[in-house]
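2 protein chains.
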Amino acid sequence: MPKISQKGQAMPASPIRKLVPFAEAAKKRGNKVFHLNIGQPDIKTPQVALDAVKNNDIQVLSYARSEGSEEYREKLTNYYKKHHIHVNSEDIIITTGGSEALLFTLGSITDVGDEIIIPEPFYANYNGFSTANNIKVVPIISTIDDGFALPAIEEFEKLITPKTKAILICNPGNPTGYLYSKEEIDKLKALVLKHDLFLIADEVYREFVYDGNEHNSVMSLDGLDQHAIMIDSVSKRYSMCGARIGCVVSKNKDLIQTILKFAQARLSSPTYALLASEAALETPQIYFDEVIVEYVDRRNVLIEELKKIPDLKVSSPKGAFYCIAELPVKDADDFAQWMLESFHDNNETVMVAPASGFYSTPGSGKNQIRIAYVLNKESLIRSVELLKLALEQYKG
Amino acid sequence: MPKISQKGQAMPASPIRKLVPFAEAAKKRGNKVFHLNIGQPDIKTPQVALDAVKNNDIQVLSYARSEGSEEYREKLTNYYKKHHIHVNSEDIIITTGGSEALLFTLGSITDVGDEIIIPEPFYANYNGFSTANNIKVVPIISTIDDGFALPAIEEFEKLITPKTKAILICNPGNPTGYLYSKEEIDKLKALVLKHDLFLIADEVYREFVYDGNEHNSVMSLDGLDQHAIMIDSVSKRYSMCGARIGCVVSKNKDLIQTILKFAQARLSSPTYALLASEAALETPQIYFDEVIVEYVDRRNVLIEELKKIPDLKVSSPKGAFYCIAELPVKDADDFAQWMLESFHDNNETVMVAPASGFYSTPGSGKNQIRIAYVLNKESLIRSVELLKLALEQYKG
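So the protein sequences, as listed, match chains H and F.
According to our numbering, the first sequence is numbered sequentially starting from -9.
According to our numbering, the second sequence is numbered sequentially starting from -9.
Since the hints were made in silico from the structure, they are not lab data.
Among the hints, a few may not be true.
Identical chains share a label here; the pair holds if one copy fits it or two copies do between them.
[As the list claims (entries may be wrong)] Calculated cross-link-like contacts (lysine-lysine; reagent style DSS-like; alpha-carbon spacing at most 30 Å):
{"hint": "1", "residue 1": "Lys243", "residue 2": "Lys126"}
{"hint": "2", "residue 1": "Lys126", "residue 2": "Lys(-7)"}
{"hint": "3", "residue 1": "Lys184", "residue 2": "Lys71"}
{"hint": "4", "residue 1": "Lys243", "residue 2": "Lys18"}
The model shown is predicted, which means the values in this text are computed figures rather than measured ones.
Using the sequences plus the hints, can you model the full thing?
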């Protein structure tokens, strides 16, 4: 019998996946499960995007251009301009989700065994894209006590080797909700210039920045044209996770030409979703204003309620819609499973994402969970109440 | 300035891409260009699929399940049953196009430096997916004089090393139009069993089989459950190339579990396209009957006309909608460019795909082109007439 490769074996499974059967069983037993575990917003997709698909007159559903249409990329430059990002259409390659944008980027700048440095905890699938490319993630720890701020630059420098090709950040961050300051981004700029590395910034949560803070894109920095690579996606911005449209943006022409070859090999991004994504650029500002007000409300309620739980530690997120909470338990994986398997209050329980999947250093984050505040306020309040009750009853 | 990786440099560019600027220039000079170079059918997408998207009532465009919905995969098993392929829903992972199906398959069964054997000429993007996975394509030549039949099994055996992980075929074939016989498939079965290799079959042209021939799927062979992997796609079957929905099918549970991890890392296939693809399964048989009649007509006209050109050699395709023609020129790349740059008749010219891009052995196929018969008969007749005139005038 032919065998799965070592790479196939090393490919990480979704950190939430193993809990899914327990959640399904809990529902079968008649329980309601509040899902704090997923990054799928409940916000309505902009009507203008939905309408563009409903009113389409496609007769032959043909390939789109591998790099995305000139028209869509041109419109994107106008959108970016509003966010102080000045690029041209030829600096953009449209991809099938932010996932593919990162996959192509890693494929273009790394060879077997190369390394990328990522502050941890980080978005779990960065591990998968690295494994797929036969490269190594080198984690650099950021801590809940520092609110997940950028680790000291000296710590980065200790990790840089001849195999280091890039530093990857997510800003604002999934799973931390941390927003890097201008000073932090400037420090990263100096670091990558000094060591001649790429700086990849996953900026898919650009709009989700709270409390009057400013988002600082790596594309807005002077003198970083050859080093900065931005990963983007329509998924969160327009609550269009199922579209699977993203892009890579860079002023580095060699990089864009190389990514284009990856894009050509897979021919095209999905045509219907491109229609929706192009139309979504017409979304009125009020849509975002309302969404931000809603998320700030949710975050405030969530953090306020969480802080009432004894011995629970939580960082205050400045962006995105996640936070990391440290629980008074030894093993959050076990606790999360126990909540689904053995706990309910009035036939209600809660599903959380154990944070261990967001760390690459073994044993890190064992007592942490990620909470996504993509539910309405009432559900969030009840979810935290359930979490509190569960912690009281749990003897892990 | 940070550098593109060796892999990024090795990534092959689309073999047609370099001709595109010449085609655009020809059009700017007022010429009509007949496109024999692309595999984008002009056939209308089934109405039932178009309607499913137009009539959707999605309000939040959310992620689909990473492996595809249970319902869609269940319906697919019924479709396959009609083609004598007996599988269960858990043997199927839905992917973003056949491209992703192959990318995930190679990621699951190969490690750095491993080899896959592919009869050449082959679909050019197999090179790209192999480069992306840091593995090596080992070509085995099939010849126009044999009509691109399966090379002798002894020739395969000469190429098998400890690094060989799979044999990959496209059946019916792009770019050859060749359809493997039951005997040939049986020979491959014996070979992969003897050497414990995977047998990957790209069967996306399953429906496009002519002259009363039968398609023989690798999934219909007894005793090959652990070795057979089928790559599929809705692109050609329903003229839905822009959907980007495909799948991997295999009875090998380790493989499917591994591919699922790759699928989870990229979260979801495009949701609108999944709607269209599921609905497309309701396409009435008459749609396919009419399409097949049309393609047989086109093929017959094309081959008949091509045979009138002196010193041109062409194989007679039994499936798909491509053929390879050998021209009385030294360098078909140069000839193809010349036709766009320096030739026209009555302000009309023709664009073909030089076949060198479909070969992995350097220097092979230099005097060959691939012709896609995805145009109507009149256009095909005129295209071949233009080709004939061009060959008479060309002094390459």
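Exercise. Find the hints from earlier in the document that the structure breaks and name them by number, from lowest to highest.
Key: No numbers; nothing is violated.
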